[in-house]
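Novice: Each chain, written out:
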Amino acid sequence: MQEEDPISVALKEEQVSPNEAPRLSVLQWFRTNLFSNWANAILTILGTLAAFLMLRGVLNFVFSENREWVAVRTNLRALMTLSYPESQYVRVWVALGFVVGLAGLSAGIWSNWGGLPLRRLATWFMGVGGLIALCVVVREPSVIIGTDGKVVRTIEGSPQRESFMDAMVDRSGWWIAAVILLAVGAVLWSRFSSPVRRRGPRAELSITSVVFVGIGLVILSLWVVPYGHYAFVDGTYIAESGTTVAFSTQMPWTVMWVILGLTFLVGRFLRSSRYVGMAKTGSNLLWLICPFALFWVVLRDPALDYGHVMSTDLPMGLAFGLLGGAVLWLLTRSDIGEIGRITATALLVFAVFNWVAAFFGWYPMLQKARISFLLLALAALLAPNFIGDTAKRRQLVLGWLGVMALVHYLATMINTPSTVDLQSDEFLGGLGLTLFVAVIVVILSFPLGVLLALGRTSKFPIFRMLSTSYIEVIRGVPLISVLIFFSVMVPLFLPDGMELAELAAVLTGYTLFSAAYLAENVRGGLQSITKGQYEAADAIGLTAAQRTGFIVLPQALTVSIPQLVGQVISSFKETSLLAIIGLFDFLRVANSVIPAQSEFMGVKREGILVVAMIYFFFNFIISKYSQRLERRVGLGER
Amino acid sequence: MATNSPPSIHHERPPLYRDVTVVKWVVQIVALLLTLGALWFLANQAGDNLRASNVPTDYDFLSVNPGIDLSSGIDTDPDTGGRALWVGMVNTLRMAVAGILVATILGVIVGLARLSNNWLLKKIGTVFVETLRNVPLLVQILFYGAVFASLDRVTADVGPINGWLHISNKGLSMPRAHIADGFYQWAVVLLIGLVVANFLRKRRIAQQDATGEETYPILSAFGLMVVVAIIGWFIHPIFGFIGNIFEALSSLVSSVPETVLQLVIGALCVGSSAYWIRGFLNSRRTPAGLAKLTDDDYFRMIFAAVGGVIGAVFFLVLWPGLSSWMINSASDLFEVLGNKFGNGRSGRPLDVDLPNIVQTGKFPNYGPSGLNFSIGFAAVFFGVVFYTAAFVAEIVRGGILAVPKGQTEAAASLGLRRSTALRRVIIPQALRVMLPPLGNQYLNLTKNTSLAIAVGYSDIVQVGQTVYNQTGKTLPVVSIWMFFYLSCSLSISVIVNFFNVRMKIVER
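Sequences listed follow chains R and G, in order.
Under numbering that gives the first Met the number 0, think of the first position of the first sequence as 0, with each following residue one higher.
Under numbering that gives the first Met the number 0, think of the first position of the second sequence as 0, with each following residue one higher.
Read the hints as simulated data drawn from the structure, not as lab findings.
None of these values were measured; they are calculated from a predicted model.
Beta carbons are placed, not taken as given, at the ideal position from N, Cα and C, and that holds for glycine.
All the pointers check out, no bait thrown in.
EDC-like mimics (lysine to aspartate or glutamate), calculated; alpha carbons at most 16 Å apart, straight line:
no.	chain 1	residue 1	chain 2	residue 2
1	G	339	G	180
2	R	458	G	296
3	G	201	G	212
4	R	623	G	129
5	G	23	G	296
6	G	23	G	294
7	R	458	G	295
8	R	458	R	534
9	R	149	R	64
10	R	149	R	161
11	R	149	R	67
12	R	458	G	294
Some chain G residues flagged as far from chain R (calculated, every beta-carbon gap over 12 Å):
no.	residue
13	64
14	218
15	265
Extracted from the complex, chain R is given alone in its bound form (with noise of 0.2 Å):
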């Protein structure tokens, strides 16, 4: 890596060696990092003040007796999946099991977390105690609630609160929650304090354990305390308080737990199996699809019409997939010479040909027919690199069949009405849109930015200039100006007769928008390779597709994983526009749909918080994970 952002490096290496401090006793230690000069003394006490009172407001803002936490609380489902039916919301955990299925697996076969000393576990628990108890005293003392259940008032018509004795007295709970973490975490740290192993293996816990108990002591809770009521059903708010979130939860969630640590039971098993290639594989390839598949398949229930199916969709997808790989198994022969290219150029103009033909509506084709003829004609374009022995032009025919086989599913899937009866147009609402949105754009973007980006660093200065122009003017205008555009206009350029639903389109402009960024960043990367990578390829006889697709973008995008993984932060921050462009993403139920209830007219901070809250959760694991990742590699290279 030759040219790589100085700041960045510099963060790292501050991340890779923490100055290892000399023990200091608690006096020593407060008077070099609090007190060590006059000047720092008073930035120490300022400080103390501004977060004194940063701590103080948070805590009356959070706890104040105006807060209508209520309506975060029967809106839960509201703000995850908006109007989804309550009849079919087994799909939603069918989905939700699979993702984390999938998760457990993929943490068994690659996750390599390695431990946390229990000495940092003893420090998180004592600040965690201290943290409670400091909030306990530093809130203001609650309003005192009358019989009648109203806030009593004194004769000024401020309402009256209860002494500082009392407050503390009705905060017991929390002073023992505060008083058992400091006493255990005193425990751990007096018998771990050591930074050195004095009882061998056992002064560390596995990471991968630590998440997996604590993700399990949180859902037993849910068995023990019974969590805020709710419901959406039908179209009408319930709120009693028999039915509680945590009641109706209680048994998916644990279902769910149990499925994680299954699998990551299964993941390991096969990582130490002779399996684990074809393992990781073919998980890599689940978390492609399963975002496709849980949205149009499992969350939509497809009626399918077993009539056209027999006659239409699978003998349409039999006949590419076999006639197909017949062609293809031909065009790998290793006499095939200069027909094999030729062939592979028709049948490119081809495909291209059918797309201009149903822009002008020349003639009729089904669109699966015409993505099929592209997929092949890009298949048989990779031909010649497989062509050689039996097994290697096997690889290209069995991977042609399964492209196939997807394809042809998925497309079934999506062109056949859903059964789900739906309140509102929007097939999923809340936090399910958003992350649906944010996972599509992030895989679809992908390609196209690594396309743009070897554009832009390509020898063609037509292709050149098209990239640069294209990535230039997308990264010049605000996203939210591409939104809407697309959101308006998508449907003026479209010929008649041809029609796309609001979130397609909006997903198409966001895609767009971030496969600019993205193609930067690649791009980052593909400048980092040497020339002589470039020049070793041509010396061994690499032709341009084989040099990009195994010597290039390998060593480009490893290069440039930081990159790439704050991009896709930012893409799942910008979801969060989907609000104001009219789609039902869980910023909009809290920013309009909640303050529109009767029930809860204008309450509105409330819901934002929670989504704030939501949004902190996802983005700090990633970027945690992220500067993880980069230490790793970073260490790789010294």
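Please arrange chain G on chain R, whose structure you already have, making use of the hints.
Specialist: This is chain G only, laid out in the frame that chain R set:
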């Protein structure tokens, strides 16, 4: 390549479909034609569809009264669509400039706090950065908007300092310093002062370098500026004559015949492509004469020539209105400038107004005399400032960490004081690293102001949306957005690049 192969080897061109150069260019030209064709097709389609729904794509709405009210800006009740969009642009720029200034200051403070050896400050900085950059900006803006909307109502006497500062659910109102009558004449004085002060500074520096004694170049230049500004405050009316110069320029420009400008534009197109080709040929010239040109080079030159001719034809035949538009707007601009300098103006250059509260209808509201920030403005402002400051803080921290420790130690061993070392050694080197990503953040901030649409602050996107909802002219409005944001991006990158070049290490 042919030049390297020994002459004994039988060399002939491969068949056409295997000739790398031919295939390469055929593929590229086909791709270009396909792209252009697709764009043409889409534009055509949109035109047809718009005509079918009786919304022709033109820019007439710019001069028609849109009948909309804006929530804030220099003109809340614009006469024309163009004026409304202009107000939106000014609002966006206002937000962007204010945001960039404050976000930079805040970001530097937080970044330095994260580097300090005070544990508490470090932690506060970390919490600030981690929280704000992991929560989407739109969520933050909506939250701030909701919080501000729950403030108290405006009453006759409200705010921390009645008569000076008011805070309520209508926003913030405070004293406003604004440009008054004689500002432009005063600005001429300032400009002259700036030139003189710069001259003084250079002379002082030269003196210091020559004699070694401290001459305080910056301080004396600054002092001179202040003196000039104070004198100019009283004598500025004497520059009223500049108005006449601009008037004369205006009539001069409007007397330029359109055909001449038209031909000049066409000639510029052809000339620039000719210039490029000349430069290209020059770059291939070696001391031993012109290098052998490859087919690729010929293709490039042909392409440039064709591009120049197409550009000329486009401006001469397809868009003949351009020259009259250019002449008219230049003449208008000079006339406006002439008016600003007009002879009759002799008032103070700057003025300050205190905020007032007026009773319009049922509820009291902020009057126009103070500097009023609506809650929309406040929400967007705090949103972009906090969000960007978190990123700026990381850039500052990284930039300073990127300066090798040896530099600090070397400065100390030379006997420089810590403040001098920071000013002369550390910060210049850190700035060099920080500038490019900082420029990127400024760009992002400018684009992020477009989220104002969510809280109803009248920036260009919000105004544009209102305008096209009224008139149905979506495509023209979107094209104006694109043009505006692209020019913003371009100007910011030009500015950042200017500093970047100045900061570059001068290498041997």
